[in-house]
Amino acid sequence: MTRPARAHPLWLAFVLHRLSGLALALFLPLHFWVLAQALTAPEQLDAFLRLTDNPAVKLAEFGLVFLLAVHFFGGLRLLALELLPWPARHKTLAAAAVALAFFVSGTFFLEAI
Amino acid sequence: MAATTQELQVSVWRGSDGAEGRFDTFAVPAYESQTVLDVVTWIQQQADPTLTYRFACRVGMCGSCAMMVNGTPRWTCRTHVKKVTQDNHLRIEPLRNMPVIKDLVADMDPFFDKWVGAEALHHPTATRDDAIVPVDAATPERQAADAGIECINCGVCYAACDTVAGNPDYLGPAALQRAWTLLNDAKDGGREAILDAVSGAGGCHNCHSMGSCTHYCPNALDPMSAIAGLKRETVRHALRRKRDA
Chain H
1 MTRPARAHPL WLAFVLHRLS GLALALFLPL HFWVLAQALT APEQLDAFLR LTDNPAVKLA
61 EFGLVFLLAV HFFGGLRLLA LELLPWPARH KTLAAAAVAL AFFVSGTFFL EAI
Chain S
1 MAATTQELQV SVWRGSDGAE GRFDTFAVPA YESQTVLDVV TWIQQQADPT LTYRFACRVG
61 MCGSCAMMVN GTPRWTCRTH VKKVTQDNHL RIEPLRNMPV IKDLVADMDP FFDKWVGAEA
121 LHHPTATRDD AIVPVDAATP ERQAADAGIE CINCGVCYAA CDTVAGNPDY LGPAALQRAW
181 TLLNDAKDGG REAILDAVSG AGGCHNCHSM GSCTHYCPNA LDPMSAIAGL KRETVRHALR
241 RKRDA
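Protein chains in written order, with our numbering: chain H, 1 to 113; chain S, 1 to 245.
Mixed in with the good hints there might be a few duds.
[To be verified] Below, computed lysine-lysine pairings styled on BS3-like, alpha-carbon distance capped at 30 Å:
| hint | chain 1 | residue 1 | chain 2 | residue 2 |
| --- | --- | --- | --- | --- |
| 1 | S | LYS187 | S | LYS83 |
| 2 | S | LYS242 | H | LYS91 |
| 3 | S | LYS83 | S | LYS102 |
| 4 | S | LYS114 | S | LYS82 |
| 5 | S | LYS114 | S | LYS242 |
| 6 | S | LYS102 | S | LYS114 |
| 7 | H | LYS91 | S | LYS102 |
| 8 | H | LYS91 | S | LYS187 |
| 9 | S | LYS187 | S | LYS242 |
Note that these hints are calculated values from the structure, not bench results.
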């Protein structure tokens, strides 16, 4: 009956951390499968790698790097929150995690195009 | 206090949980200055005397009038109507994550049972015959305890917590914060009992640090950081126990 009251920065940081983790977990098996083709089917791998010159794939890679970076920095934030005594600026740290993730993935994207 | 011709549309939860309950809507006169508790009281006194709700002090000291107001857990006595109305409409419900006794009265028994479950109760270290030992306010432990000691058990954090919603056994932010203040209290002798209680299945490690407890605490306390303190202390304690074994 009661709609929960949620949309505040740390709750959104929690959701972002979980969703990025899930997305990365789904990505990793595919990633390893493609890498395994280096041994099992090199021609197929080369064909696939040529796909990555496509701008749409570059954009998807930007998304991947963002997910990885935001999960990494978000995880560091949680470790700091739970293992260091009283870091009071939780919202600042959450915002910093997102900002750093944008910086890393943005730099990657600019290098890639 | 001047009455205006304007009226608020107020939907109030009636009956008990789930399918057995419903919203009743009342038109309540809008005043320049009124709290959500004033609105609930107006309905009970002027429109429907069978409306059941709970309050005592009306000034934010007793913690008994907390309800969900437009989906947000609040002390109704300290919530100005103007700050929370949406399109001239208020939706008032009993606190989330608790069984409903009737209308706006939530059953707080499970909430208080969890305080006991978390060993969030005083464990004496002295008798009345012992001399009173002064408390040193400057120690870091005392300051950690003082940071959370103003909790008045209103249940707002418990109603805000999604982890409580997902796991009925989770002790919740209020009980765990009190356990943390006692853990840091030089006059509390229950260290082992507290650490055992808060590291169990429903304990502090269930917390996902979503921070709704801290965000919505009307007393501006920080249960999320208190629970983080418990996480640190339980891990340290477990490592030490392993080393000493």
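Now for the hints, and whether the structure bears them out:
Restraint check: the Cα-Cα separation between S/LYS187 and S/LYS83 comes to about 42 Å, which exceeds 30 Å; the hinted pair is violated. For the given pair, S/LYS242 sits about 35 Å from H/LYS91 by alpha-carbon distance, which is inconsistent with the 30 Å threshold. Proximity of S/LYS83 to S/LYS102 is assessed by CA-CA distance (about 27 Å); at most 30 Å being required, the pair is judged to hold. In summary, the hint linking S/LYS114 to S/LYS82 is not supported, as the alpha carbons are separated by about 35 Å, beyond the 30 Å threshold.
With a C-alpha separation of about 28 Å, the suggested pairing of S/LYS114 with S/LYS242 holds against the 30 Å cut-off. Among the hinted pairs, S/LYS102 with S/LYS114 is consistent with the structure: their alpha-carbon atoms are about 22 Å apart, no more than 30 Å. Distance check on the hinted pair: H/LYS91 and S/LYS102 sit about 38 Å apart at the alpha-carbon level, beyond 30 Å; violated. With a CA separation close to 34 Å, the supplied pair H/LYS91 and S/LYS187 exceeds the 30 Å bound.
Restraint check for S/LYS187 and S/LYS242: the C-alpha separation of about 27 Å stays at or below 30 Å, so the hint holds.
In this structure, the earlier hints numbered 1, 2, 4, 7, 8 are contradicted, and the remaining ones agree with it.
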